[in-house]
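**Q** Listed below, chain by chain, are the residues.
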Amino acid sequence: MKSIVYTGKIIKAVLLGLCAIITISPLLFLLSGSFMDQLEISKLIGPVTKGTEGMADWHWIPHYPTMQNMIELLLDSPEFYQMFWNSVKITVIILVGQLIFGMPSAWGLARYEFPGKKQIYFIYIILMMLPFQVTMLSEYLVLDKIKLLDSHGAIILPGIFSTFSVFLMYRFFAAIPQEVLEAARMDGANEWQIFCRIGVPLGYAGIVSAMVLQFLECWNQIERPMAFLKTKGLWPLSLYLPEISMEKAGFAMCAALMALLPALFVFLYGQDYLEQGITATMKEKR
Amino acid sequence: MKSKKGILFILPGLTGVMVFYLIPFVDVIVRSFRQINGKFCGFANYRQVMENKAFALAAGNTVHFVVVCLPLLLGLSLVVAAMLRRSGNVAKFCKSTYLIPLAVPAAAVVLLWRLIFDSHGIWNRLLTLLGYNSVDFMNTNGAFSVLVFSYIWKNLGYTVVLWSAGLSAIPEEIYEAAWVDGAGKLRAFISITVPNLKQTAFTIVVISFLNSFKVFREAYLVAGNYPQESIYMLQHLFNNWFRDLSMDKMAAAAVLLFLVILIFVYILHRSWEEEH
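Just so you know, the protein sequences line up as chains A and B, in that order. Reminder that position 44 of the first sequence reads as 44 in my numbering, one-by-one numbering, no gaps. Reminder that position 32 of the second sequence reads as 32 in my numbering, one-by-one numbering, no gaps.
Derived from the structure by calculation, the hints contain no laboratory data. Where a beta carbon is used, it is the ideal one built from N, C-alpha and C, also for glycine. Keep in mind that a hint or two might mislead.
Using 27 Å as the maximum straight-line C-alpha spacing, the simulated BS3-like pairs for lysine-lysine come out as follows [said to hold, decoys possible]:
#1 A:K50 / A:K248
#2 A:K12 / B:K39
#3 A:K145 / B:K39
Computed from the model, here is a short list of chain A residues facing chain B with C-beta under 7 Å [as the list claims (entries may be wrong)]:
#4 F29
#5 P47
#6 S105
#7 N220
#8 L264
#9 E275
#10 T279
Covered stretches of chain B, as calculated for chain A (at least 3 residues, CB under 8 Å) [to be verified]:
#11 124–138
#12 243–251
All chains should be modelled from the sequences, with the hints used to inform the complete structure.
**A** See the structure below:
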C-alpha cells in the first residue's frame, strides 16, 4: 500500500514538473540565446538557419557569454525603439480609454435596472467572444469610412471599445453588496459619487485584473495591426519580431526577450489579479 | 435600483461599441446578400462560400483542430488541477509557472518553434538520438501536431486555473465522507469530482473553443499565408480574402461564423442563468 502511494507521488511530481519545464523552457531558450555571440549560435543552429550538416543543438548556458546582441539592439536598432514605443502608445491609450469608457459601462450594467439592459449585456458577451476574423470586415468598413486606416487610431479605437474588460469589471461590480450603496445614498451621495467613492475602490480587484489581461492582449496583438497597418513605421513590436531574419538568431532572441519583458513584469505584478480575472469568467457572482 | 441613470453610465461606451462593432456588422449582414456592385443577390454569396474548396478545407481543418485539441487540453489540465488541489504552495508555484505563456508574445515563440521543429531542428535531433526517423514537421501533416502543441502550451495554465476554481467549489466534506466510507482517491475522483464539474467543464469547453481561434497567430507567423495544407484554417482564409478584398465572400463567411459562435454563446449564457 505504501509503495502505491509512493509511486503515485512520483508520477504526480514528474507530470507537474514536466509541464513546468515545458511552459518555462521557451523563456530560458530566449534568455540563453540572447547572450550568445553569432559564432556560437550559428554553430548550434546552423543546420536550421544555414543548411549546414547535422542537426541543430542547444545548450542552456552560453559558453562565451556576450552583450553584443543587447548592445546592437539597444544602441544600433532605431526600428526597435520606434516599434517599442508604438506598442507602448497603443497599449497605454487603449487601457486608459477602457477605464474612461468601459468602467462606467460596467458599473451601469451591474448596478442599475433599465429597459434593454439584458439585451445589451448579452450583446456585450457575444462581442467579447467573437474572434477577430468575424469583425475584421466590419471594422475595416467603418475605419475606411472615417479615414483611420493605416493609423494608430485603427488599432486604438476598436481596442478601447472591446467589451471583454466591461464584462470582467461587471462581474466584480455586481458582487458589491447593495446595502453599502443604499447606506451611501441615505447619506446624500449622488450616483456619480457612489460610483467613484464606493464602486471603484470596492471593485478594484476587478479593474486591475481587467487591465492586466487587457495589457497582455494588447501588447501581444497581431491580427488587427496586421490587417489595418500598412506603413511599417506604425507597427507594434509584435509585428517587428518575425521580420528579423533567422540568420541573426541571437539578435532575434534578444529582441524577443526585450519585447516580452514588459508583459512579464505586468504578469508578475498582477499575478493574483490575473488569476481572479480568469476565474471571474467562470461563474456569475451575485 | 430602478433608474434611468444607469443609461448615462453606459451611453459613452455603448456609443463606441455601436459605431465600431454593431452598426458596421449590420452593414456586413446586408452586404452578405449583395454582390460587390451592390446588387441584391439573395443567398448567392453563401452558396459561393459553401461551394468554395478552400472554405471546405479550412472549415474541415478548424473542426479537426478543435476536436483534437479540446479533449487533450481539458483532460491534461483537469488531471493537473486535480493534482494541485490541496497542494498549497506547490499549487501556487505551479499555476504561476503554467500561466507564463500568457505573457509570451506569439512572435517571440515562433522563432523557437522554427528552431525546434525544423527538419534539422532540435526535436529531430532528439528523435534521431533515440533511433527514430526525423520528421519534417513544417512541410508534412506534422505541422498540425506542432500547432496542437503550441495551443496546449499557451492555454494549459489558463485552463488549470479555471478547473481549480471549479474544484475548489466542491465542498471538502463530501470527500471526507467518501474516504471514511473507504473510497480510494481514484474512486472519489470518478464519483465525486467528475459529476460536480459538469458546469465548469461546459464553460471551459466554450472558452477553450473560442481561444482556439488565436492559434492563427502562431500558424501564420511560422508558416505565412499559405501554410502546409493540414493547418490551413478559417483564419487564413479570412485573411487571404481580406487581402484580395473579396468583400462578398468575406461578408457571407463572417455571418456564418458569427452564427456558429452565437449558438455556442447562447448555450453558455443559458447555463449561467440556470445557476441561480
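**Q** Hints numbered earlier in the text: which of these fail when held up against the supplied structure?
**A** 2
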